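Asks: Sequence:
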Amino acid sequence: MCHTDMKERAILPPSINFQVITMESCNRLSGVEHAAFLHYMRNASVYFGPGCNNVPIIAHLSGDDALSDRTVFDTLGSVALTSATEMARATQTFIQLYGWKQVGLVKASVNFERLSLHSLKSYLKDAQIEINVEIELDPYMTPDEIIATGKLKQLRNRARIIIVEMGMDLHSSKNFMIAAHRSHMKTTGL
Numbered sequence: 191m192c193h194t195d196m197k198e199r200a201i202l203p204p205s206i207n208f209q210v211i212t213m214e215s216c217n218r219l220s221g222v223e224h225a226a227f228l229h230y231m232r233n234a235s236v237y238f239g240p241g242c243n244n245v246p247i248i249a250h251l252s253g254d255d256a257l258s259d260r261t262v263f264d265t266l267g268s269v270a271l272t273s274a275t276e277m278a279r280a281t282q283t284f285i286q287l288y289g290w291k292q293v294g295l296v297k298a299s300v301n302f303e304r305l306s307l308h309s310l311k312s313y314l315k316d317a318q319i320e321i322n323v324e325i326e327l328d329p330y331m332t333p334d335e336i337i338a339t340g341k342l343k344q345l346r347n348r349a350r351i352i353i354v355e356m357g358m359d360l361h362s363s364k365n366f367m368i369a370a371h372r373s374h375m376k377t378t379g380l
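Throughout the sequence shown, residue numbering follows this note's numbering, covering 191 to 380 in sequence.
Keep in mind that the hints were calculated from the coordinates and are not lab data.
Be a bit skeptical, because a hint or two may be false.
[Stated by the list, open to error] List time: in silico DSBU-like cross-link candidates among lysine-lysine, alpha-carbon distance up to 30 angstroms: (1) K343 with K376; (2) K341 with K315; (3) K341 with K291; (4) K291 with K343; (5) K315 with K364; (6) K311 with K291; (7) K364 with K291; (8) K376 with K311; (9) K343 with K315; (10) K376 with K341; (11) K364 with K343; (12) K376 with K364; (13) K315 with K376; (14) K341 with K311; (15) K311 with K364; (16) K291 with K376; (17) K311 with K343; (18) K315 with K291; (19) K364 with K341.
[Claimed, not checked] Now the in silico label distances, taken between C-beta atoms and shown as ranges: (20) T332 with P204: 41 to 49 angstroms; (21) S373 with S205: 26 to 34 angstroms; (22) G357 with Q318: 23 to 31 angstroms; (23) P204 with S373: 45 to 53 angstroms; (24) E320 with S373: 20 to 28 angstroms; (25) M231 with D195: 21 to 29 angstroms; (26) Q209 with S373: 32 to 40 angstroms; (27) L228 with M196: 16 to 24 angstroms; (28) S205 with T339: 44 to 52 angstroms.
Nothing here was measured: the structure is a model prediction, and the numbers come from that model.
Every residue, glycine too, gets a C-beta built ideally from N, C-alpha and C.
All chains should be modelled from the sequences, with the hints used to inform the complete structure.
Replies: Structure below.
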């Protein structure tokens, strides 16, 4: 309503154009899933929400000190995009916070050492969290080629939490996510 009102009253300059997209975000899974969808499918650049409490979010955000006040933002873990170590530490903390076990890692077969999974393995070991399965995939494989390797079956059988990092952005994991979806690996609850 506010967006429409600002347009009608010509409060926004004509050169400013934006679209408001709302999606369900107040449960443990859909908020993060929808944020990824908005980023990847809709090329969203600004996110507000979720509008409810106690939905944990880990996001790449600015390093603004205002966001570090955990009395206000108690479910927000923010990390800098440029720090693979900080992303690994945030992920390890999140896994430990929820007491998750049966962790599986999916990594690219090339340039693995530049990504946060390299650091995450060390953090998980230090926190005595076992990695049940770790697979490497060529980041340029098609979804069908990924399925044909049989490695998704290993993940399904040995891991409840699967951490995927095939490259530096969400697009690099696209074929893996398509393969996982085709293999019916998505669940609807914890």
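Asks: If you test the structure against every hint from before, which numbers come out violated?
Replies: Going through the list in order, the structure violates hint 21 alone and respects the others.
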